[in-house]
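The chain contents come next:
Number of protein chains: 2
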Amino acid sequence: MTTKFEQLKNILVELTHISSATALLHWDLETYMPERGAEMRGKTISVMSALCHEKFTSPEFEKLITELNDAMKKWGQAQIPSEIEPDPIFSEEMACVVREVWRDFSRQKKLPKAFVAELAQVTSDAHAPWVRARATSDFSIFSPTLKKIIELKRQEAEYYGYEESPYNALLDGFEPDATIADYEPMFEEVKKFLVPFIACIKEQYAGVADPSSLGGTRDDITSLGMTHGDFDPMAQEMFCKEMLARMGFPFDRGRLDQTAHPFTQGFHAGDVRITTRYDRDNVFFSIGSSIHEAGHAFYDLGLSAEHFGTPLGESLSLGIHESQSRLWENHVGKSRAFWTPLYPRLQSAFPKPFADISFEQFYRHLNRVEPSLIRTEADEVTYNLHIIIRYEIEREIIEGAIAIDDIPEVWNQKVKHYLGIDVPDDAHGCLQDVHWSCGYFGYFPTYCLGNLYAAQLYAAAQRDILNLEEEITQGSFDHLREWLRTRIHVHGRRYVQDALILRATGEKLNARHFIDYITKKYSEIQ
Amino acid sequence: MTTKFEQLKNILVELTHISSATALLHWDLETYMPERGAEMRGKTISVMSALCHEKFTSPEFEKLITELNDAMKKWGQAQIPSEIEPDPIFSEEMACVVREVWRDFSRQKKLPKAFVAELAQVTSDAHAPWVRARATSDFSIFSPTLKKIIELKRQEAEYYGYEESPYNALLDGFEPDATIADYEPMFEEVKKFLVPFIACIKEQYAGVADPSSLGGTRDDITSLGMTHGDFDPMAQEMFCKEMLARMGFPFDRGRLDQTAHPFTQGFHAGDVRITTRYDRDNVFFSIGSSIHEAGHAFYDLGLSAEHFGTPLGESLSLGIHESQSRLWENHVGKSRAFWTPLYPRLQSAFPKPFADISFEQFYRHLNRVEPSLIRTEADEVTYNLHIIIRYEIEREIIEGAIAIDDIPEVWNQKVKHYLGIDVPDDAHGCLQDVHWSCGYFGYFPTYCLGNLYAAQLYAAAQRDILNLEEEITQGSFDHLREWLRTRIHVHGRRYVQDALILRATGEKLNARHFIDYITKKYSEIQ
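First to last, the sequence lines map onto chains A and B. Numbering follows numbering that gives the first Met the number 0, with no gaps: position 331 of the first sequence is 330. Numbering follows numbering that gives the first Met the number 0, with no gaps: position 172 of the second sequence is 171.
Just chain A, same shape as in the assembly (with noise of 0.2 Å):
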């Protein structure tokens, strides 16, 4: 078995690789390409994708991986202690990488190649009716394109198979062995907290002749000019590269681009690269998904170089990816420590307004909760009711209990009932994000993982690590980033979430942390 392991490392390695080169495409298309490279550029892309699907699913790597994972599934059983001496020659490593090649060639081996296609043309074709459809905020000219998609991701989710609901067959590509089960429970505990909290501090802004103190408003006076300044773009870049430099983001491993929509892109531990946008207006845009990127770029940067090319050398869910990016964007990055060193030095980059603004009303400003209508550019707070309504919504469709017809009214009463406002129009509703139209059905759910993963996670490095907030307060991030090196990114697929999570922090995930973090930070400011 030992030579039909490294068989399968070889060809791991080798479709890593061209895997790896079909991601600079990818990455070149967003930040340099010139503008007519991209009808070619579609076509170059698609022959890669072709290239590793074809190497993924030949009969050949079909026997290899059939044969070794019989044999796995053997000494497996064989690992139980009443029975004989176990077979030396599977290590526990290479029955990880089996196991989880496994998992990925059965469930792309359940769809039919038409499926595939078919699927991939819908969706690629969905994309210039849902542009439509939010560009004149009208539905129903989405509404054929999502019924034919949704249709067929029922189909998936039948080819797959799954138990209780079909939404689960979906959201398992996204998040491994997570199901409705196991997190639907702490998604009603963190509604059930929101919800009121969250029309507190509505209520609180009522009663105040100036907001600000309690954090703004977006478009009140009062916020300083913070929002709508002039922030010159080239300056924002050094200041952005500056505080990565400081969080210990390695520049010759890695680099910051501008791209429309920021995106992090690990091609392997030593190149893994970060972008962002410079909105002039608003120096928050740029640094916020800076910090958030690079937390994703850390875990990139933590994977073994050893296990390049097998499982144990990739990352584990969309769920644990995002608690990195959102750890650092929100528990490191909004905190009163992180900004203590670094506010004179946003001051000193940008005199206009900060010299003028304190240190306090700078802090309150960055954590402003307002209820709004934009996923992205809601708060930390506010932002997991974005995603639970989507997730409720998307659950339900999938399992035929609501109609399409009926997603902008079902959409606008969430709204209402969980954020307090009024939906004025779909391109604001639900309209406004890309990922139905891409297919991506089982997503949403992984943000709101990733904040509660977030959140247990940093409390348990607040308790190993003695003096974080102080280390912090110092500029100081080793400690920090070696925690999260060591608990998470070098374990690549080896355990599943659930033990990963259990490994790092001692307790199964749970909603406590996040409601502990989010009551304590905001009674504080409040």
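Treat each hint with caution, since some may be false.
Pairs involving identical chains hold if they fit within one copy or between any two copies, as the list cannot separate such chains.
Derived PhoX-like pairs: lysine-lysine, alpha-carbon spacing no greater than 25 Å straight-line [said to hold, decoys possible]:
1. K42 x K3
2. K201 x K413
3. K190 x K520
4. K73 x K62
5. K147 x K108
6. K42 x K8
7. K8 x K109
If you're looking for bench data, these hints aren't it; they were derived computationally from the structure. From a predicted model like this one, the values you see are computed outputs, not experimental measurements.
Following the hints, complete the assembly by docking chain B onto the known chain A.
Positioned in the frame of chain A, the structure of chain B alone reads:
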């Protein structure tokens, strides 16, 4: 055959997409890749190259191209008028595609796999000793490696087969169909003209108090700060971009970036990128190399998009490619016409030193002629002798007429004889170029051929475009670009070089146009 031809085309297009992804890996490596990405990038590139090689040499591909080639040969014979009705299934274009793919395939096929691997290993290992030898100017460090390389190159020539000289077999890899018998008489003619011409220029320098009136010498204080200035790299970039835009370089289909060694990377007609380097003390480097690379880029931009993937959409040979870059760099970019509208822009971009330098002084400095030791820094007159020296030596090495250990001595004698100067050490002599360490024997002549093609093409363009000089003086390059596009670029590999040049200029390649150009230009300057 049409179905088989379509099959062939599909495979070729797929291969070209894969090569395009590989090319992006190279481009990124030279431009934006973080330092520590290098090692893994090398592996990704070799996986991608192996993938292409595997597909191109697979038994299925061999069967397909062999069948098509056999069918084409029959069809070709049937084209002779006296024969029966020609088989209508092959078009002229299809025949050309099959002919060229067969050329590439059969050439590659002749080398045993183990030999290719050995050559790749030996030349890859040769880089370090070459660097060390050059750094310490010690040929003995490099000579054992060079002996191995030459042995392999002779072996390679035997695998290919050849007439007259094994050198012809190697040349064929860079300049298909070209042979020593074709071009050596032209090289002799160039040499016979240049040696006394340059000696005469040297003589003139020796006789006057102020050599700058004759073009100046490199380190002469009379160069008025033109080569040892302080040129802000950002200002250089802005100037080069403006200059390229005036030349018609389409920035929506291309880019200009920075690298250590300038190069052009064409992905397809919608995305062609050039690079340069900004030397702080010498603005002429970035200007000259930008124009040179733009010439290469215009070729790639002018290739047929319709024929993307097949030889009809590929550039023809290194010599033809170099003709495009040299035509722009020298015939256009070092002319009075080109600089008449542009020099005031240069003066305002770099008031120091150009505000105090007259157009005439600038023009003479730009076109100064001076025998020197380093090829890459040579002017357009002496450059060809640098090439001829290398060509004569490498031909003799491959033919076994001189021993490896005698290279330094032979080199130095030729430099003395042709250029009239003494070589102080091998770093400034036979160790200066990387080519031999890469196994590139047969590459150098294409530089000189490029210059001859360029002169002949430019003379023809001057004849065909009535007011070319005037147009350029007015900053208009549309007719010239279009002339080159329709005469050279769009044809791809449809014609071999001889036929292409004959069609474009009305005569076979000859050295007369180059000699006329140099004589006319420099008798006017002197």
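Discussion item. Of the numbered hints stated earlier in the document, which are not met by this structure?
Written reply: No hint contradicted; all consistent.
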